[in-house]
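**Student:** What follows is each chain in one-letter form.
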Amino acid sequence: MSELAIRTRDLVKRYDGAGITALAGVSIDVERGHYLCIMGPSGSGKSTLLNLVGALDVPTSGDVVLNGRSLATESNLDVVRAREIGFIFQLHNLIPTLTAVENVEIPMMAIGVPRRARKQRAVELLTEVGLSHRLDSVATRLSGGERQRVSIARALANRPSVILADEPTGDVDSRTGEQIMECIQAARKQCGATLVVVTHNPEISRGAERTLHMKDGLLQ
Amino acid sequence: MLILKNLLRRRTRTLLSTLGIALGIAAIIAFNAVGRGFKESLDRYMRSTGAEVLVVNRSAMAPEYSRISKEEVDQVRALPGVEHLSAGTFTIISGRVLKKPKIKFLTVFGRVPGDRLIEKYKPGIDGRLLQADDEMILGSDAARDLELKTGDTLELLHHPLKVVGIYTSDVKFESAGCVVPSSMIQQEMKMGDSVGLFWLYLKPGSDWKAIRAAIEEKCPNLAAIQTSEFTAYYNQLDYIDWFVWIVSLISVVVGGLGVLNTMLMSVSERTREIGTLRAVGWSRGQVLRLILTEGMLISMVGGCLGVLIGTFGAETLIHWAPRGLDTRYSALLLTQGFLIAVALGFFGALYPAWQASRLSPIEALKYE
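Protein chains in written order, with the working numbering: chain A, 1 to 220; chain B, 1 to 368.
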C-alpha cells in the first residue's frame with residue numbers, strides 16, 4: 001500500500017447541468033516511480049481522470065489517494081498541486097510575456113522559493129531539457145517543441161512526486177513528439193517521479209510499464 | 001516580474017488607465033490648491049489690514065454688495081472700545097470697460113486718502129501713497145498688465161486718476177488691483193454717503209465680543225466679523241469647497257472606473273493564464289494579490305503623475321486665468337492626492353482580483 005503513488009477508488013464525475021457522466025467509477029493503482037499510459041478516444045474520460053488525480057477538479061464521488069493522503073480530506077489542494085504534482089499540458093500553457101526561465105520559476109513562486117534559488121533551479125532544469133541557449137527567450141518566440149520542453153522543466157520545478165501529462169505531444173510533429181517523450185522519461189527517471197500520460201497516440205505508450213484503455217468513462 | 005510584464009503587455013491600455021488616475025488626481029490637487037490659495041489670500045489680506053473686526057451689511061451676499069449708511073458708521077465709531085474705524089468700498093471693473101486687453105478685470109479698493117488702512121501699502125511702494133481725490137496707487141501686477149508707471153494717468157469710472165505709487169503685495173488679488181479714493185466709487189455707484197464695509201481697530205484690552213454685541217444691538221442689519229475668522233464666516237466661500245469636492249468626486253469615480261475596467265479586461269483576457277497559475281499551485285490569495293498589486297501599481301504611478309500634473313496644472317491655470325488667483329499646496333494635500341490614487345487602485349482592482357481568485361483552475365484552463 002505504501003508503495004502506491006496514486007490510488008483512485010470508484011471515481012465518478014458527473015456534470016449535472018449538461019447531463020454528462022465523464023467518469024463512471026474508475027479505480028486505478030499506480031506504483032511509485034512507474035509510468036502509466038492512459039489511452040482512449042476523445043470524450044472517454046481520460047483527461048477528466050487526470051484532472052481529478054491532479055487535484056485540479058473534485059470528483060462527484062469516490063476518492064483520490066496521493067502518496068497515502070486522501071485528497072477528499074485535504075484542506076489545501078493548492079499546496080498539493082504545488083508540491084506533489086507536475087503538470088504538462090498539451091498546449092504548454094506558458095505565460096506568453098515571460099521568458100523560459102521566468103515560466104519555470106512560476107511554480108516555485110507558489111511555495112515561496114527565494115528569487116535567487118528559483119532562478120538557479122530554473123536554469124538547471126532548462127539546461128537539462130536542452131534549452132540552455134533559450135533561457136531568456138520570451139515564450140512566444142519559442143517553437144512548439146521548445147515550449148513543451150519549457151513546460152516539462154516547469155513541471156519538474158518543485159520536485160513533484162507525480163508528473164501528469166495531458167497529450168504532451170499533441171501539438172508537435174511526430175519527430176519532435178519522440179524527443180519530448182524522451183525528455184519527459186529522462187526527467188522522470190532522474191527525479192524518480194511517477195508519470196501518468198494521457199494520449200490517443202499508441203507510440204507514446206511504448207515505454208510505459210502499464211497502459212490502460214478507457215471508453216465512455218470506464219476502464220476497458 | 002509577472003506584474004510588470006502583465007501591465008506592459010497592453011501598454012496603451014495601461015497608459016490610458018494610468019493617465020485616467022493621473023488626471024483625476026491632478027484635478028483634485030489643482031482645484032484644491034487654487035481653492036485653498038484663494039481662501040488663504042483672503043485671510044492674508046484681512047491680517048494685513050491690522051484691524052481686529054470687519055463690519056459688513058448682514059444681508060449682502062458678498063462684500064462688494066454691502067452697503068452701510070453714514071448713521072450706522074457714526075454709531076459704531078462712537079462705541080467705547082473702538083479706537084479707529086476705516087471705511088472702505090470695493091468693486092470690480094471689467095477689462096473691457098478699461099479697454100485693456102491684457103487684463104480681465106481690475107479689483108478696485110476704495111479707501112479714504114490718508115487713512116490708516118492705506119498705510120499698509122507704504123513698505124516697498126514705488127512712489128507715494130494717495131493723498132488726494134484725483135490720485136490712485138496700483139498693485140505691481142496690475143501696473144504691469146495695464147502698462148502703467150508712476151506719473152501716468154488712468155481713466156477709471158469716468159475719472160482721470162494719476163498713478164502716484166505702485167505697491168507690492170503678497171496677496172495676488174491685491175497685487176492685481178488698485179486703491180482709489182472711496183468717494184469716487186461712492187459717486188459712481190450712486191452710494192451717496194454710504195460705505196461698503198469698514199474695519200475696526202480696537203483699543204487695547206477691548207473685548208471684541210462685547211463690541212460685536214453692541215454693534216448688532218444698535219445696528220441689527222450689520223454683521224461684525226473677527227478678521228481672523230473671515231473665511232470661516234463667509235459661507236459663500238463654501239461654494240468653493242463644494243465645487244472642489246464635486247470635481248474631486250467626479251475625478252475619483254472616473255479614475256476608479258478606469259482601473260476597474262482595465263483590470264476586468266485584463267483578468268478576462270488572462271483567464272487561461274490564471275488557470276495555469278492555479279494549476280501549478282498558486283493559491284487564491286496569491287492570485288488576488290497579483291491582480292490587486294497590478295491595479296495599485298497603475299494607481300501609484302498615476303498618483304505620482306497626478307501630483308506633478310496637478311501642481312503644474314494649477315500654476316498654469318492661475319497663469320492663464322484672470323490675475324488675482326493664488327495657489328496653496330501642503331504636504332497633506334499632496335499626500336492626500338497620492339493616497340486617494342492608491343485607494344482608487346485598491347478598490348478598482350478589488351472586484352477583478354476577487355473574480356480572478358474565484359476562478360476554478362479547471363474552468364479557467366478550458367476558457368477560450
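Calculated directly from the structure, the hints in this document are not laboratory data. Please note: incorrect hints may appear among the correct ones.
Here are the computed lysine-lysine pairs in the DSSO-like style, where the Cα-Cα straight-line distance is at most 27 Å [claimed, not checked]: (1) LYS203(B) to LYS162(B); (2) LYS190(B) to LYS215(A); (3) LYS104(B) to LYS70(B); (4) LYS119(A) to LYS70(B); (5) LYS70(B) to LYS218(B).
Covered stretches of chain B (in silico footprint by chain A; criterion: 3 or more residues with CB under 8 Å from a CB of chain A, positions within the stretch not fixed) [to be verified]: (6) 31–40; (7) 276–288; (8) 360–367.
C-beta: ideal position from N, C-alpha, C; glycine also.
**Student:** So which of the earlier hints does this model not fit?
**Tutor:** 1, 2, 3, 4 and 6
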